[in-house]
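Given chain P, work out where chain C should sit, using these hints.
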Amino acid sequence: MKRFFFTGICFFLFTVLRAQVKVSLHYKEESLHTILEDLLFRYQLTFFWSDDYAKHAQPVSIDADNIPIKKALSMIFSRQPFLTFSLDGNYIDVQPRDLYGVITNEEREKLPGVTVRGIKHTVVSDSAGRFFIEKGAFDTVLHFSHVNMEPLTFRHNGVFTELYVMLKTKSVYMQEAVTTGYRDLEKVNATGSYAVMDRLAIERRAATPLISRMEGSLSGLLVTRNANKYPNQPLFSIRGGSTIAANPHPLLVFDDLPYTGDHTYIHLLDIESIIAFKDAAATALYGPASGNGVVVMNNKKGKYGEPMRFGVFTGFTWSASPDLDDLPQLSAPDFIKAEQLLFSLGAYDELLASRYKLVSPVVETLDSNRRGLLSNTEKDARLAAYAKQDAGKDIRRILYQPALLSQSHFSVSGGSDRIAYYFSIGWDAGRDSRVGSQRNRLTINGRVSCRANKWLELTGMANMAFANTVQGRSLFTNGTPYTKVVDGAGNALAVPAIVRNSYKDSVRDIFPDWAYKPLEDVDLRTITLRASSIRASFTANIHPVKSKLTAQIKLAIHQETGILRDLYDGKAFYARALYNTFTEIQPGGMVHHVPAGGILDYRTSNVAAQTGRVQLRYRNTWNKLSVSLLGGAEMRVISTDTTAVRFYGVHDGAPGSAVDEQTPRPISYNPIQYGLIPGGHDQLTTFHCNISWYLDVECSFNKRFVLSASSRWDQSNLFGMNANRSGIPLWSTGIAWNMDYERWYRFPLFPYCKLRANFGYNGNVDYSVTPYATSSAGFHNQYGSPARVLVTPSNPDLRWEKAGIWSFGADLGTSKGRWTFSLEYYIRRSSDLIAERFVSRTTGFTSYKGNYAKLSGHGADISIKGDGNLGKKTLFGCHFLFGYHSNRVTHYEETSQLTSAQRIKKGYPVTSLFSFAWAGLDYTNGDPVGYAGNVPSKNYYAILYSTNDNLIFSGSYVPRFTASFQPAVRISRLELSLLFTARLGHVFRRSTISYSDIQNLNSWGHPDFKKRWERPGDELKSDVPSLQYPFNPYRETFYLFSQVLMEKADNIRMQDVRLDYIVIEGKAKGSVKSLSLFVYINNPGILWKSTDAMEDPDYLGDMSPPLSITAGLKAEL
Amino acid sequence: MMGDYRVTLWLCALLALVSCNKLNQIHTNAVEVPHTLAAIQQLLDNHQLLGQSHGLAILSADEVIIPGPSLYLLQPRERNAYLWEKDIYPREDAVPDWDIPYQQIRCANAALNILPQLKTDNRALRTSLEGAACFTRAHACYNLVQLFAKPYDSAEACCVPGIPVPQETSIHTPVRRLPLQEVYACIIEDLHRAARLLPPLPQMLYPNRPSAVAAYALLSRVYLGMRQYEKAAAFADSCLLRYDTLIDFNTLDTTAKQPFPAGNPEVLYQSEMLNNYYLLGIGMQIGLSQIDSVLYRSYAPDDLRRVLFYKTNEQEQPQLKSSYSGNNFHFTGIALDELYLIRAECYARANNTAAAMEWLNKLLIKRYRQNYFVPMEAHDPEEALQLILAERSKELVLRGLRWADLRRLNIENFGITLRRFAEGKEYILPPNSTRYVMPIPDYEIWLTGMEQNQR
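Chains as they are written, first to last, in our numbering: chain P, 1 to 1117; chain C, 1 to 455.
These are calculated hints, taken from the structure and not from any lab test. For clarity, every value in this text was computed on a predicted model and none was experimentally measured. In this text, a Cβ means the ideal position worked out from N, Cα and C, and glycines have one as well. A hint or two may mislead.
[Stated by the list, open to error] What follows is a list of derived Cβ distance ranges for each label pair: (1) C:Asn113 - P:Ala452: 54 to 64 Å; (2) P:Ser344 - C:Ala422: 27 to 37 Å; (3) C:Leu205 - P:Gly372: 54 to 64 Å; (4) P:Ser847 - C:Ala38: 22 to 32 Å; (5) C:Ala38 - P:Glu584: 29 to 39 Å.
Just chain P, with the same shape it has in the complex (with noise of 0.2 Å):
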């Protein structure tokens, strides 16, 4: 209840003239209303009063006479501390002071923003930190509250001048605002899962590429390191991706636009941060190409109002040359021995028969000793000396060579009040690991802010990059494993290629060259990529003063051009071999179908886009509900076009004559075989064009609840025959619990804790389908008309993929931030997901695209990430990341008869390996032995083809199971890191022999060749089945993928080792303000591998990826 005194308002005109009136006043400890009492009562001066006063006000002793009533209320006012008076004319206006103060951090700078909540009011801090509530003086009890800051509860009991607060920095764990490309996302407010990496972090893991940086930094991202064995497998995955014949790749945003293009254009050193958005309630926003997941790269930014800086990085990296010997292969002594074995059974007898088919020089010297034209000693002596020799030393001196790369990178950046800017230029330059290779990358950045007035901004942006390779040498086969390629003069020796030697010997009257000769054949092929990437943006920033509501114009367009020009020189072995291949034999002479001379692959590529966006943002707060609201459209337009020629008959890089690609032509060394000349040609432009409507909204209650909703409308091109197929809605909402802002909230371990959830859909898109019949041009016929011919049907109910996924998160902290723990739990429901399907042969088309299959998955990340110190000047810190993802394939239709163990089928995962069932080796003949049915059976047939119940799931490919860790340690000056990562849960198919690789010198064999079934008994130490001719292809193909290659394929390994040297730190003054020496050691090797078999469970059918050592500086001026 308030009463209110308001007495004398009339008075008012006649009593102006009274304002110097003088007064006499005497009172012990009197209540300052029984004062005013007094005074209206003596000298009618009227008064406001409001009953709680009462409680702020002090009692008041003043002994004075006759002196101006101003001075007189001055002295009487001066000590009460929460109440002050105006004196107007005789009306005394009694009010609660002004409280105001100034807040600042830990390092005295002023904080703006600064939320300051009294029991009445709640302001805001301005830019010099200071807050002001008008007649605030009753607040006694402030809570100051920041997002970077730890909030603060202050109590004051009455001041006269003004408040100094100072507010403590929040840990790193609640400082995180991030942008999601729409808005900036205050942690406190995120009902999402994300990840963040910050520029430490990006810079830690110097001289990789992305994904590497990006591995064991980011919670949930799954790196696919045998992406190319596997259909469709991105290099690597948000939460395991969830999808199976479209798309498969994460978002990638740059600038706040998605980035159409190759990310190997941006220079990492460019980024400030990056954010791996893993659930529906960000990604909603992106609409139909986040399915995946969406990764931001924030890039570097200038600062308004920060002196100008200046960045030098420059490292310098050296890698091992690849190890030759890590590849599972038979040495030549061995693939002699096997070639013999096979000789004798008559595996070459029937490639002896023809004239030209390609044999080794083994079996070649065996096939004249049986044939009497060479003796025995004599070929126990070429015997002797093949095996001898060692091939892969040649291949290894005239491929391979330590890979280096320098890079450099400077920036600038700084800003006054009106402009900020940054500028930064990097320049790679090194070669890879094949000799003759080199490549080169030029990046340019820049990007200026100005404050055009109170309520705009502009923002331009510009990023360059131009990059140039040349590709190193190559072989056109690698020959046998005794085939010399270089004889002790360092003459090039030949290798056998294509036909046989003894057939190119016969013919060589006609075709002059049919020599392969590794030596001069690497350097007479030269591929270089010319490549460069342009891109500008623009935006336009309104905030009109006081307005809630703000407006942003972004436009940017992106071009990126690469030329590929692939020359194989007149002399290659490639070139004189078509040429040979396609020259016709007629009564009236030689027909060359191919013309004589080098031959030039050239590749144009483009790709431009261009994104608009524009939108309005709305925020306000009433009490203690804040809300932002954000609407608006977008539109992409992305086109494509790719040029591949290829030029005959090239000579000093002129083109040569047309070469008709379309007519079957005989082969010359084989006569009842047409083939067609290897066209090269090829033109395919594709455009793409979204329009996408979006509204994300957030309420926060309290600071306590937030709940946030976004949505968005897209519309494609690609789809949209039926029209409730063109646009789909994508949705989601999501809520988060800030459980430390409850009253009730005590735990001293955990002063920070936050719940959230969401849930929301996911859209995906795969470009290669379209609901129309498309057709392919650029070919003629025989008669010379202009053809074409249909490529795909047409399915007008095509639509978008769509994933609905449940995400659960909980976030904990401890004191000072100093360990942080994230869970997080997810459920993906992903249906109407693009899958090939077989159709009837009737429709004209074997197989098509559509939306036939689903899949479900769920998973967790586990985040821990902790600081403390251990003495005075040892610091340590480690961040453990564990993930668990999962999917199964809940719809799909199985529509191949045929079994093939790599396979999609309904309740396993996508990534299944299936393998058949072994039963051993047949004890007496060393044959496999698996199961028709349940019954054992060496009818390979009936096991391949009956059906699928034959298949046993062996395990996904791709890992359950990832896990990193990183330790860091800083004693002094030093510091120290290190990497271990773990992929666990996964299965590989071991490589092993193939007798008929040997036979059609596919491969340098297998070592366990040596192991294989030779007598009784040994189908007690080996599974390697019998060498048997002739070759069963089924037994073959059972063996192959038999459950007996399944491996476990789990590992760790130490990833990287980086030591740092700080010379200089932190200094405010002086030229350098920092400065530190790094070497970093990537890909020290395995630790563990939980398999026997030789090859590294990461790089399956290649080498571990070479140790690697990168020295460096980075300093700021």
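Same frame as chain P, now just chain C:
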């Protein structure tokens, strides 16, 4: 604040307007939605696809001998068809004799689907393209039905399963085998439509493009296969009245490697043997496969076809010299000589011996050495028919027509039994055997559940 809203609303509206218009017009481009007459013409000019026919039919008929040493060169499918095995293509992923004709039908259907939607001034071109598409579909269907369905017998044609005949472009339409009678009805309807729409005469420069004459010729062939000889005769007449140019073989160079000119005026529609059958194709020219020696010996010494069609190798084994169309690939299209033979056969069937022999001799006089030809004579229609059928196999060798003839004639109790010796075994194909019908590929049965042929 109101101002802000308004500006933005306008901007959004503008953005939406510009983009939506564009959205509806432009699609992916070089892999292009065919939407012009030129594009349809290109689809139908894809001779590499549309100009392929017959493979298994030639292998399974009695014109070709594959000697023992070459047998192992055959692909399993070729070997099984050659030896009339029960199972021809065990679990093969692709059977060109089934797949390729359906791809041709798909092309035709796409054209027929798109053409009516095109706005054009060039009505003539649109009409002829529509006709060409109908012809293509009929030709492909006819070739399929000769392999994968029983021979046409009017008594049972209503109830015997034929083949699926896709009429639309959708991939979702259920696939089922139409009764044989309906299949033939579709073929005939398409050909009548084609004859109405197509330009009347063949274009010498573009033998791959059908004409009305070709449509009549194919109709005649179809009715002959249905043993409706009156209609066959009528359409042969329709064709011959409009176009009648036989080559006199005396004008050709018998020593030439390829005696027939590339622009052979007898060719009404160009088609070549399916190009997966290497041993029949190029293999025939180098002696890996041979012409049946009985057939070869049946040519009279003065018969120019003996030297123009064949050459002999060192072992005096006959080899095919070159194709009727003047290129390296076996001609399996439609040519005028076939119509002469149809005309003659139909007269014989109609018991008009004189007319039958007249038509036969009109053809043969151009095939024999000048002045050495003695016109053939027959005393009754039966004898005339025997003569005509013998000439038919000599004239139309390796055109893929023999298989259909065997099926047709055996229904009429000609009792032709085929025999082969291979790998020390004798293989026999008795008349009217179920093995005159090829099995439908397993993958098709598996996907669609359609009825398999008894074999």
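Against the structure, the hints:
1. The hinted range of 54 to 64 Å is satisfied by asparagine 113 of chain C and alanine 452 of chain P, whose Cβ atoms lie roughly 57 Å apart.
2. Taking the beta carbon of each, serine 344 of chain P and alanine 422 of chain C are about 30 Å apart, inside 27 to 37 Å as hinted.
3. The beta-carbon spacing between leucine 205 of chain C and glycine 372 of chain P, approximately 60 Å, falls within the hinted interval of 54 to 64 Å.
4. Take serine 847 of chain P and alanine 38 of chain C: their Cβ atoms lie about 29 Å apart, and the range 22 to 32 Å holds.
5. Distance hint check for alanine 38 of chain C and glutamate 584 of chain P: the Cβ-Cβ separation is about 34 Å, which falls inside the suggested range of 29 to 39 Å.
Comparing the model with each numbered hint stated earlier shows that all of them hold.
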